[in-house]
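Q: Each chain, written out:
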Amino acid sequence: MTIDSAGLGSSALDSPVGRTIETRRDAGSGALISYLPIGFPDLDTSVDAAVALVENGVDILELGLPYSDPVMDGPAIQVATQQALRNGFRLRDVFTAVERIRSRVDAPVVVMTYWNPVLQYGPTRFADQLKDAGGAGLITPDITPDSAADWIAESERTGLDRIFLAAPSSTDARLKQIVDASRGFVYTVSTMGVTGARADVDAAARGLVARLRDAGAERACVGIGISTAEQVAEVLEYADGAIVGSALVSSLADGGVAGLARTAAALAEGARSGRP
Amino acid sequence: MSLREVEGPFFGEFGGRFMPESLIAAIDELTAAYESAKVDPEFQAELAELHRSYTGRPSLLTEVPRFAAHAGGARILLKREDLNHTGSHKINNVLGQALLTKRIGKTRVIAETGAGQHGVATATAAALFGLECTIYMGEVDTQRQALNVARMRLLGAEVVSVTTGSRTLKDAINEAYREWVASVDTTNYIFGTAAGPHPFPTMVRDFQKIIGEEAREQVLELTGALPTAVLACVGGGSNAIGIFHAFLDDADVRLIGYEAAGDGVETERHAAAIQRGRPGVLHGARSYLLQDDDGQTLESHSISAGLDYPGVGPEHAWLADTGRAEYLPATDAEAMEALRLLSRTEGIIPAIESAHALAGALRLGRELGPDATLLVNLSGRGDKDVQTAGRWFDLFDEGATQE
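Sequence order for the protein chains is A and B.
With the first letter of the first sequence counted as 1, position 6 gets the number 6 in our numbering; the numbers rise by one all the way through.
With the first letter of the second sequence counted as 1, position 399 gets the number 399 in our numbering; the numbers rise by one all the way through.
Hints listed in this document are in silico derivations from the structure and should not be mistaken for laboratory results.
There's no promise every hint is true.
As the list claims (entries may be wrong) - Which chain A residues stay away from chain B? Per the calculated CB distances, all over 10 Å, these:
{"#": "1", "residue": "GLU22"}
{"#": "2", "residue": "ASP44"}
{"#": "3", "residue": "ASP48"}
{"#": "4", "residue": "GLU99"}
{"#": "5", "residue": "THR158"}
{"#": "6", "residue": "ARG211"}
{"#": "7", "residue": "GLU237"}
{"#": "8", "residue": "GLY256"}
{"#": "9", "residue": "SER273"}
As the list claims (entries may be wrong) - Computed Cβ-Cβ distance ranges for the label pairs, DEER-style:
{"#": "10", "chain 1": "A", "residue 1": "ARG104", "chain 2": "B", "residue 2": "ALA182", "range": "34 to 44 Å"}
{"#": "11", "chain 1": "B", "residue 1": "PHE396", "chain 2": "A", "residue 2": "THR171", "range": "56 to 66 Å"}
{"#": "12", "chain 1": "B", "residue 1": "LEU222", "chain 2": "A", "residue 2": "GLY88", "range": "54 to 64 Å"}
{"#": "13", "chain 1": "A", "residue 1": "GLY88", "chain 2": "B", "residue 2": "GLU266", "range": "19 to 29 Å"}
Even for Gly, the Cβ is constructed at its ideal location relative to N, Cα and C.
Given the sequences, and given the hints that come with them, work out the whole structure.
A: Dropping the structure here:
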């Protein structure tokens, strides 16, 4: 596969996500990236929740697009996204949410989506509307670069970031392909498993980040299983960003936006203490 | 070009491998193992011997004249996959994939199941080969196919009742994928139908094509000619592609798949992915899919748990688009009538899944008349469905329960 100079090996200047990560890294730490599903518990609250995350120290927002068959998600996120769907979430709500969030806070917003909703909406139309709404790119957990030609073309055309996942089980050749194809950062899957809080972040994450750097990655952010400030600090010792999802979803479910804000502030504390 | 030689990853514009990166290494490993096994005479000999001495192949071809009398007098021949050990065609594929599991050195297998036939076959093979086994089954299906749940547990398998989503086959697959991501080092996923990411559609078809290869010879021997049409039910489509495949290059033989039409293919309660769906990506492949405008998968409906799936294998999508095969509906009511008719006229109780193809044969026979020879894949036996049939036809004595 040939990827032009926009790949990860190049400067971050053309990617707000890349710039944000590098700014945090230059400040001696790394980025705190937070996941929440759109439409949970309802559209308005999910917008308020995303804004609260940024106001409490989150650097980059990852908004999940609720989908009927989320094979990479564990119970906490499944329950939330199923509730969003039951409450009438429609795909077009993603653009509304991104626009409203971006009008209130300045953090880059990427959308985490399984592929079929984008395919049905039309990759071109989806990319155009996400770009118009102020979105920064997509994280695509159920497709790999070798199955994503149409998305890579749209990303090239619009300048939206395309964030692919790398797994501990990936071969070196595949890591190279993933690094070359990704823009913004590489989503480093910390463990062989689905999303959900875990007591320990797998040692596999550290090894995988090192392998990604060998493959040329300039920005590797670690996700899956990270739920505490200590884990965020630990991950930022070797990675460029830490992604927290299920813990925030549970916090929003249990404590509302106020509870979520407290959790985010604590995580941000961990991020700032990440590197000397 | 020979249609029989087409292999994945793509069948026309259908198929592919749309999967999380975490599973790619395992899928690559399985693909490589399959490619080498396919041309390994030792592997093929071991599988053939299992077919002969364990499954009971070749399965019979049975002519059913008393049933055919209700089908316009057309000649009807049943390919008796119901007589296989474990009671359906599913064992053909499972033995192949279980041998592959040994070949790649894994010690545990997982599988999804709808009606429980694939789960039972997988649990059986796991017992035979000494593999650990966990089966994922939607909660709706564990209830309507309770007997098969007990069978799997008797065989030593763990059965996990899946309570997410529509709580049927599609969600059982989701949960099996999630589990596979977490245990892929030791675990092989034995996929039950000719769907999912490459290599599963091609591999499952190859393990099932023995049905059509045997049947083609048996029909020629019995009648001196090829059949007018070959009929099979289609959920994911493994029994259908298994019997169709040998006939793909026989252009004069009609191939007809019957999709579960539930309450009616024109209603909103059916499982007719080809007739009512449009192309989309689910469970790793691009194929016809029941989905809403946003690409959210719609719940399918069928009295038959084995056909209650909103997608279909990519090779069927391609055969439908190219016109080589036709896909028609059969409702719950039509299937149940056909099930009762075969039971009463021939003493064979078919699975509700297979009864959809029988319902199709009744219609097609009346249309074509006595000159036609219809080959029907009787993909499974109906023992597991007696509870459902008992309720449908009101066969139980009031207040009676089996102790």
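Q: Each hint: holds or not?
A: Here's how the hints hold up against the structure:
1. No beta-carbon of chain B is positioned within 10 Å of the beta-carbon of GLU22 of chain A; the least distance is around 24 Å.
2. The non-interface label for ASP44 of chain A is consistent with chain B: the shortest C-beta to C-beta separation is roughly 20 Å, beyond 10 Å.
3. No beta-carbon of chain B is positioned within 10 Å of the beta-carbon of ASP48 of chain A; the least distance is around 23 Å.
4. Non-interface status of GLU99 of chain A relative to chain B is upheld: no Cβ of that chain comes within 10 Å, the nearest being about 18 Å off.
5. No Cβ of chain B comes within 10 Å of the Cβ of THR158 of chain A; the nearest lies about 20 Å off, and the non-interface call holds.
6. Every CB of chain B lies more than 10 Å from the CB of ARG211 of chain A, the least distance being 13 Å, so the non-interface label holds.
7. Residue placement check: GLU237 of chain A keeps its beta carbon more than 10 Å from all beta carbons of chain B (closest about 24 Å).
8. Every Cβ of chain B is farther than 10 Å from the Cβ of GLY256 of chain A; the closest lies at roughly 25 Å, confirming the non-interface assignment.
9. Look at SER273 of chain A: its CB is around 30 Å from the nearest CB on chain B, clear of 10 Å, so calling it non-interface holds up.
10. Between ARG104 of chain A and ALA182 of chain B the Cβ separation comes to about 38 Å, which falls inside the hinted range of 34 to 44 Å.
11. Checked against the hint of 56 to 66 Å, the C-beta distance between PHE396 of chain B and THR171 of chain A comes to roughly 57 Å, which is consistent with it.
12. Roughly 58 Å separates the CB atoms of LEU222 of chain B and GLY88 of chain A, a value that falls within the hinted 54 to 64 Å.
13. Judged by the Cβ atoms, the range 19 to 29 Å given for GLY88 of chain A and GLU266 of chain B holds: they are separated by roughly 26 Å.
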